Every structure is written in structure tokens, then in C-alpha cells.
Amino acid sequence: MTPVIELENLGVRFGRHQVLKQLTGSFSGRSIGLLGPNGAGKTTLLHCLLGFHRPSEGTARILGKDILEDGTEIRGQIGYMPERDAFVAGMSAVRLTRLMGELSGLPPQEALERAHEALFYVGLNEARYRKLESYSLGMKQMAKLAQAIVHGPRLLFLDEPTNGLDPPHRNRMIKLIQEIRDSGEANIVISSHLLRDVEECCDEVLILKEGEIATYCNLEEERKANLRFIEIETQRGNAAFAEAVGNLGCEVAVLSDRKIKTVLPENVRIRDLYQVAADQNMQVRRLDYKRDSLQDIFLKAMGVSHGGL
Amino acid sequence: MAVYERRYSPYKGTVTPRNTRFLVLPAYSYKEILSSKMFLVFLAVWGVWTLLILPILIYLPHNLGFLENFGLDPEMVRDVFNYDGKFFFGWFMVPSMTVAFLAALVVGPALVSADLRNNGLPLYLARPFGRWEYVLGKSAVMLILLSAITWIPGLFLFAFQSYMEGWDWFSSNLGVAAGIFFTSWIWIIQLCVISLALSAYLKWKPVARLSLILIFIIMPRIGDVINLILSTSWGSVMDLLQMTGIIATRMFGIAARSSVPLPVAWLSLIVFCAVCIGVMSKKVRAYEVVKS
Numbered sequence: 000m001t002p003v004i005e006l007e008n009l010g011v012r013f014g015r016h017q018v019l020k021q022l023t024g025s026f027s028g029r030s031i032g033l034l035g036p037n038g039a040g041k042t043t044l045l046h047c048l049l050g051f052h053r054p055s056e057g058t059a060r061i062l063g064k065d066i067l068e069d070g071t072e073i074r075g076q077i078g079y080m081p082e083r084d085a086f087v088a089g090m091s092a093v094r095l096t097r098l099m100g101e102l103s104g105l106p107p108q109e110a111l112e113r114a115h116e117a118l119f120y121v122g123l124n125e126a127r128y129r130k131l132e133s134y135s136l137g138m139k140q141m142a143k144l145a146q147a148i149v150h151g152p153r154l155l156f157l158d159e160p161t162n163g164l165d166p167p168h169r170n171r172m173i174k175l176i177q178e179i180r181d182s183g184e185a186n187i188v189i190s191s192h193l194l195r196d197v198e199e200c201c202d203e204v205l206i207l208k209e210g211e212i213a214t215y216c217n218l219e220e221e222r223k224a225n226l227r228f229i230e231i232e233t234q235r236g237n238a239a240f241a242e243a244v245g246n247l248g249c250e251v252a253v254l255s256d257r258k259i260k261t262v263l264p265e266n267v268r269i270r271d272l273y274q275v276a277a278d279q280n281m282q283v284r285r286l287d288y289k290r291d292s293l294q295d296i297f298l299k300a301m302g303v304s305h306g307g308l
Numbered sequence: 030m031a032v033y034e035r036r037y038s039p040y041k042g043t044v045t046p047r048n049t050r051f052l053v054l055p056a057y058s059y060k061e062i063l064s065s066k067m068f069l070v071f072l073a074v075w076g077v078w079t080l081l082i083l084p085i086l087i088y089l090p091h092n093l094g095f096l097e098n099f100g101l102d103p104e105m106v107r108d109v110f111n112y113d114g115k116f117f118f119g120w121f122m123v124p125s126m127t128v129a130f131l132a133a134l135v136v137g138p139a140l141v142s143a144d145l146r147n148n149g150l151p152l153y154l155a156r157p158f159g160r161w162e163y164v165l166g167k168s169a170v171m172l173i174l175l176s177a178i179t180w181i182p183g184l185f186l187f188a189f190q191s192y193m194e195g196w197d198w199f200s201s202n203l204g205v206a207a208g209i210f211f212t213s214w215i216w217i218i219q220l221c222v223i224s225l226a227l228s229a230y231l232k233w234k235p236v237a238r239l240s241l242i243l244i245f246i247i248m249p250r251i252g253d254v255i256n257l258i259l260s261t262s263w264g265s266v267m268d269l270l271q272m273t274g275i276i277a278t279r280m281f282g283i284a285a286r287s288s289v290p291l292p293v294a295w296l297s298l299i300v301f302c303a304v305c306i307g308v309m310s311k312k313v314r315a316y317e318v319v320k321s
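Those protein sequences? They're chains A and B, same order as listed.
Following this note's numbering, the numbering of the first sequence begins with 0 at its first residue and continues without gaps.
Following this note's numbering, the numbering of the second sequence begins with 30 at its first residue and continues without gaps.
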């Protein structure tokens, strides 16, 4: 299967400032998240892939095509939803979406039909005839998504899609992204600094820090691998209990006086932990599968200590 | 992706040819421009002048009997209207350039500013549509409109006069047709690049409009001041209208009033247009990058 995005020593420099530094990797997920703090280079990476900025070194391939050689062809298969407000003053949503469809190569009549469909799909319904400058922030975000999908692209770049949205609008946006992802008709790249959005929508995550890849993480595999992480909370001090669990062959970390985190080897079952607790007359208050959350992964990548294993 | 289905679906139909896709922009712009009744009236008045009044003026001396019915002396009419380069320059070219300027004033400043002001440009450029296609599309709005105001009716009038006068007049006045065509294009290109550059640079329609007026009114005055202080005529190179006039009068075979040499007039216009293209090249980008 052709990877969605392949980066090959990709670097971008603005003047003396190196914004992206030799990014290398191959990503094939249905939905790829770009995470990182502000200024990490997420938006610059998207812009570079779209051909807005020319790489100062290296190259990248999207759906098997080189961004330097086949830029126009690539953009024909991409839908882009920018981060900032982006519209043409004086135009209604349906007119703008139709215009964008036509510029992507749709014949006028097809573009008009699909503009109506896309705007209905994102929930703008009758508001689609209103001028864009009269829209609320949530409606503008939906209009941006509609113009990005009007031509039915194979790959969607969504830059901070839930920025500034209230909870109902955010839920609606996340649901739409999940629907598009699950349709299997388009791959999605989401750039965001909101961990929750990425966790809900993505199965691969690329964490950027100061223009470099800090971590790559396949969330699906991470979820499976982390099934044997257990967090146990006991009623009282647990030093002896931790030692006994360790004697079972488990790796143990004491998180606090009453909490331990352990990794179960293949031959140890949950039942064995309860047995150890019973033997020590220790009351177990809580026992959780404790996988690394995206937040844990992100904080690790940022080099912030958070305790634990 | 039917409206009632509400699901995402890819597009699998035919696509339009890429090399003519820039024409989508003028098509959308004209819908907007021609929705203004004021502008339609303005164009209609110009249409009456070029397609009715001037053809009548050309026709009448060829139907002397008709004039005699009204008690007019046909020879007097012939003396008044000598159909040469001077007639076409004075009765058609100068008014058409003025009307083209007014049309550019209405249409030009709004073309790019509306997209840049609200960060609309990334929406265009994230598609299989490049920066220069965008500029070409926006320029096409001006080029088509101003052509319809200047050289197209101009050549129609020339053809009509040639038809009335015959082959001899046509062959001896071909320079007039060339003058109409080339002077119009010099003026159209100037107006197009200046108004697009102002629209891109200032991003605000009223200010861009005012600046377009200032370029054609204030800059010549600054040139006059330079001429006065330095006792020279080189300050006139800032007067774009005068520079165009020097080139146009030469094409129409009329004596030029300015002392600025013809190559300098050309150079002045070329430099000014190059600066405007440079401004557009810098401003018409998906995102401006501030380099440290």
C-alpha cells in the first residue's frame, strides 16, 4: 500500500530560522495527527506539503507523488481547511464552495450540486445562502470544511479544525471527521495542539518539537500493547505488597504510598494479583488497565517528567 | 453525496481542462460586477457613444443628401470632421482611455483585496491552481472589460470608416488602426497591473481606489515640482498619462507636446509596470513569510 505521506530529510528554512529540521518518516494511517506545542512546525509542515513553502532541503511524497515535481497533481487530490479565518468577503457559503469546486476542476453544474451537498453535510443547511462575514466562528469552521471536501479529495488536511469551537460545534466537527475517516474514502491529516481531538480522531500521531520529530506513535498499536499495564490502588501503605507483586515477575513502580503501577508478564493473570493482596491481607480499592494516554506520550516527547514507568 | 444522504463521497466525474481554469475567476467576477446597475448604466452610456453617436458621425458625411435635408452644408461637415488619426485620437481614444480609467477605478481595487483581506488566498492556492494562474484570472477580468471599452469598439469604428471610404483610405490609415490597438493595450496593461498591485498591497478597496487616483493625479504634480525646481523636463517621467500620451501621439501620427524622448516614455512605463508586478509577486502568496 502506498504510504499517505513520506518525508525524506525534509527541512524548511525562513531566512536564518530553520523551522523544520530533516524530518523523515512514512505514515499510512487513515487519520494522522500532527501534535506539538505552538511554534513546533505543524502548520509549516502542512504548508510545505501543499507547496506554499519550498523545502530548503529534502523532499516529501504524498500518495506516492513528489511534492517538488507533482505539486499541482497532488493539490488536485487534497482538501485543505486552514487554521485561520479564510473566506472571500461578499460571497455566500454556497458561492464560495462552488467556486472552490470549479477551481479544483469540477464542471460548473457539478460544482454547484456538490457545494449544496457539502454544505448540507456539514450542517449549514439554509445558512449556506448567507454571506460568510455574517457567520459565527463555528459556522465559518464548518464552511471551511465544506470547501475542503467539495471536490471529494483523497486526502484532507485539517489545520486546528476545532479551534475556538464551543462544545456542541466541537462535537459536531469531531463526528464529521470520524465519519469521513470511517468512510474509507479519504485519509485525514489533522494538525492540532488539542490532545483530546487527536486522540479521538487519529490512529497515528506525529509529535513535533522545535521543528523536529519528537515522537512517532501508532495509537492503535499503543492501545493494544498497553493492555497489560495495571494501576493498583490499595487501602494502606503498599511497600510489602509491591515487593510481593514484583516477586511474581512483574515490573513494578510505586507511584505513591497507596498506588503502584505494574506490567504483567504473559504468565501472570489479574487473579494472581488479587491472590497476593489476599495473602497480605491488603484491601484493593481500585485496579485499572492503565495504558499510556496520549498526554503521557506527549509529555514524554516534550521531555516533561510525569512519574510512572 | 446527495443532500439527503449526508455522507462523504469522492468525486469521480470528469474534470475541466487545466489551462482554461483561470477563466473561472473572471466568470465569477463579472457576475458580481454586472449586478451593479450603476456600472451597467455607465457601460451603456459608453456603448451609445461608441456604437451609435460615433458611427453616425462617420456615416453622415457619406450621405450628403441626408444632411442637405436639414439645411446643413455638407462641405462644412467634411471640414469639421477630417477622418484621420487626429479624429480617432480626439473623438475616440482620449474618451475611451478616460472611461477605461473609470472602469478600472471601480473594478480593479476590489479584485485581489477581497481575497487577501480575509486570508482567502490559501483556499485558492491549495488547489491545482497556481499563483500566476490566479493573477492571470484576476487580470483577465480587467483585460476583457477594458478591451471591450477601448480597442474593440475602436477597431469597429475604424472598420466602419474604412467600409465607408474604401480601400485607399484603409491602406493609407492602417497606422491609425495600429495606434488604436497598441495604445489601448498599453493603457489596459498599465491600469491592470497598477490596480491589481494596489489591491494586493493595500488590501482595502477604498484606499486602493484612492491610491489609484493619486498615482495619476499626485505623481504628475510631484513631477511638475521636480521640473520647476531643477529646471528640467525629466520630472515628467512620473506622469504616466503623459508618457502614454507621448507614445500614443507618435502612433497616431500627431505631434507630441512633451519634450521627453520616446524611449524614455517607454522606459518609464516599463519600470513602473515592473515594480507593480514585483509587488504582486511578493503579495500574492498563500502566506506571507517574515524572514528574520
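Certain hints may be false.
[Unchecked claim] Below, simulated EDC-like cross-link-like pairs (lysine to aspartate or glutamate); rule was C-alpha separation at most 16 Å, straight line: (1) A:Lys258 with A:Glu242; (2) B:Lys41 with A:Glu112; (3) A:Lys260 with A:Asp278; (4) A:Lys20 with A:Asp256; (5) A:Lys260 with A:Asp295; (6) B:Lys232 with B:Glu97; (7) A:Lys130 with B:Glu61; (8) B:Lys41 with A:Glu184; (9) A:Lys258 with A:Glu221; (10) A:Lys130 with A:Glu109; (11) B:Lys41 with A:Glu109; (12) A:Lys260 with A:Asp287.
Since the hints were made in silico from the structure, they are not lab data.
The structure displayed is predicted, hence computed values, not measured ones.
Against the structure, the hints come out as follows:
1. Only pairs whose Cα atoms come within 16 Å are accepted, and Lys258 (chain A) paired with Glu242 (chain A) is accepted, the gap being roughly 13 Å.
2. In summary, the hint linking Lys41 (chain B) to Glu112 (chain A) is supported, as the alpha carbons are separated by about 14 Å, within the 16 Å threshold.
3. Between Lys260 (chain A) and Asp278 (chain A) the CA atoms are separated by roughly 19 Å; this puts the pair beyond 16 Å, and the hint is violated.
4. Annotation: proposed proximity of Lys20 (chain A) to Asp256 (chain A) is violated, straight-line Cα distance about 43 Å (limit 16 Å).
5. Between Lys260 (chain A) and Asp295 (chain A) the CA atoms are separated by roughly 14 Å; this keeps the pair inside 16 Å, and the hint holds.
6. Under the criterion of a C-alpha separation no larger than 16 Å, the hint pairing Lys232 (chain B) with Glu97 (chain B) is inconsistent with the structure, at around 58 Å.
7. Distance check on the hinted pair: Lys130 (chain A) and Glu61 (chain B) sit about 14 Å apart at the alpha-carbon level, within 16 Å; holds.
8. In summary, the hint linking Lys41 (chain B) to Glu184 (chain A) is supported, as the alpha carbons are separated by about 12 Å, within the 16 Å threshold.
9. For the proposed pair Lys258 (chain A) and Glu221 (chain A), the alpha carbon gap of about 23 Å is over 16 Å, so the pair is violated.
10. With a CA separation close to 22 Å, the supplied pair Lys130 (chain A) and Glu109 (chain A) exceeds the 16 Å bound.
11. Proposed proximity of Lys41 (chain B) and Glu109 (chain A) is supported: the alpha carbons are some 11 Å apart, at most 16 Å.
12. Between Lys260 (chain A) and Asp287 (chain A) the alpha-carbon distance is near 9 Å, which keeps this suggested pair within the 16 Å criterion.
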